[in-house]
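Participant: First to last, the protein sequences are chains Y and B. Heads up: the first sequence begins at 4 in the numbering used here, then just goes up one per residue. Heads up: the second sequence begins at 4 in the numbering used here, then just goes up one per residue.
Among the clues, some could well be false.
As the list claims (entries may be wrong) - Some, not all, of what chain Y presents toward chain B, calculated at C-beta under 7 Å:
hint : residue
1    : D68
2    : Y100
3    : P102
4    : F143
5    : G154
6    : R156
7    : M173
8    : E177
9    : L181
Because the hints were derived from the structure by calculation, they are not lab data. From a predicted model like this one, the values you see are computed outputs, not experimental measurements. The beta carbon of each residue, even a glycine, is placed where N, CA and C say it ideally should be.
2 protein chains.
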Amino acid sequence: MSIQAVVLLSGGADSVTCLAWAVKEQGLSCLALSFDYGQTHQWEIQAARRAAESFRVPHRTARLDPSLFSASALTGGSPIPKGRTSGEIGRGIPSTYVPARNLVFLSLAAALAETLGAETLVIGVNALDYSGYPDCRPEFLRAFEETLRVGTRSGVEGRPPLVEAPLLEMKKAEIFLLGTRLGVDYSLTVSCYDADDQGRACGACDACLLRARGFREAGLPDPTRYKPGVTPPSRGSSL
Amino acid sequence: MSIQAVVLLSGGADSVTCLAWAVKEQGLSCLALSFDYGQTHQWEIQAARRAAESFRVPHRTARLDPSLFSASALTGGSPIPKGRTSGEIGRGIPSTYVPARNLVFLSLAAALAETLGAETLVIGVNALDYSGYPDCRPEFLRAFEETLRVGTRSGVEGRPPLVEAPLLEMKKAEIFLLGTRLGVDYSLTVSCYDADDQGRACGACDACLLRARGFREAGLPDPTRYKPGVTPPSRGSSL
């Protein structure tokens, strides 16, 4: 069967929910695409592979030269901020920002989509419960779509790939409710910016705090596996 | 010295001319960036390295998974068209189009530029004597700049990288006159889509025909090394 959608899959909760949405809700024949760019949380790539397997979707991991991105805390450039409050998260761009990351990921996904004849790109960006990255905002996605419209063969021929961001305007709790309804096993996903080599979460970075609050607000049990000695942020969090 | 500009360097005549322009005419401290994406003309990467050396510029080659781009004649997907006339070249998008190539290259260059703190990207696209690729046109570059403005930290903070395309509106002959004035040795550059393993040109693909016409119109000797038995297109070409 030909591939209809290329789904960017980091292995975090949002991208796995997107995959479930594309497969189960939209009925699209998908290919999941992950990138290995030297992120310190390599465990994400294993999580992505398992999530793709769980939805019976082919999965590809493309390597990217880590030195192209080495200015970020996520690639070892500086410490990952911990224990920030909800007033701090999303205000300004944090040190976990990776230069032009979603632009690079979407560009490579667009190349692959055009190669395969797929007409949809799916990305799990979210502009509500998010860390404040500029490349998670609707204005970025609109500008990128326009770039595809004028800069690719399919765009010039009147079939630019559609960039779907189904989580863009959703609260984290809504994302978890959607994914749970569609069969996502969130214990397989890793959101933490500082997970250990078994994918256990730190419980203190922005991603952990947003995730824990999401489960709490959704009224769902938090299935996250935390590092030994970590108090789950759902109990007594600053958020 | 810090890097001010990331110059995309394929090793072809246009990108080497851009490098000369950035170094000699603009006085920028440059880093040259090449990509190895499984193009059949691997010889280009060696040409890029030698060109960077000749201008004493640091050079980096990043590998990209070839399967992301495998729909193009340049990566072995279909035959490279030969012997086309000037009326045919640039009309429609040829089979040598590589899906989203300049978008991917510029995105990775933008990531590296932001990592290094460089404020300029330089790309040797040309919308006059060109093969008809959509990602060589000014509307593509404008849309891409807008994407950087809204989708990167430096853009949001008011310093989006400037995308310089100094050859955009130049005829091939003007490009060769500019580069010759700035000390480019065009015998080191390889433009051919079907060069052999010594970088010798086929004399019949679009790139060879446009290049030969450029030297002829510039009144410069054509220093291109052709494969044995090839009649240089400057003598008796269809263009």
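Participant: Given a cut of 7 Å on the nearest C-beta pair, is the interface hint for Y:P102 held or broken against chain B?
Facilitator: With a closest approach of 4 Å, the Y:P102 hint holds.
Participant: Does the interface hint hold: is Y:F143 within less than 7 Å of chain B, judged Cβ to Cβ?
Facilitator: With a closest approach of 4 Å, the Y:F143 hint holds.
Participant: Are Y:G154 and chain B close enough, Cβ to Cβ, to be under 7 Å, as the hint says?
Facilitator: For Y:G154, the interface hint holds, since the closest Cβ of chain B sits about 4 Å away, which is under 7 Å.
Participant: Any CB of chain B closer than 7 Å to the CB of Y:R156?
Facilitator: At 5 Å from the nearest chain B Cβ, Y:R156 passes the 7 Å test, so the hint holds.
Participant: Does the closest beta carbon of chain B sit nearer than 7 Å to the beta carbon of Y:M173?
Facilitator: Not OK, violated: Y:M173 not within 7 Å of chain B, min 20 Å.
Participant: Take the shortest C-beta to C-beta distance between Y:Y100 and chain B; is it under 7 Å?
Facilitator: Where the cut-off is 7 Å and the nearest Cβ of chain B is about 6 Å from Y:Y100, the hint holds.
Participant: Take the shortest C-beta to C-beta distance between Y:D68 and chain B; is it under 7 Å?
Facilitator: Given a least distance of 4 Å, the restraint on Y:D68 holds.
Participant: Close enough to count: is the Cβ of Y:E177 nearer than 7 Å to one in chain B?
Facilitator: This interface hint is violated because 24 Å lies over the 7 Å limit.
Participant: Would you check whether Y:L181 satisfies its interface hint, that is, whether its CB is within less than 7 Å of any CB in chain B?
Facilitator: Violated, about 25 Å.
Violated hints for the displayed structure, listed by number in ascending order: 7, 8 and 9.
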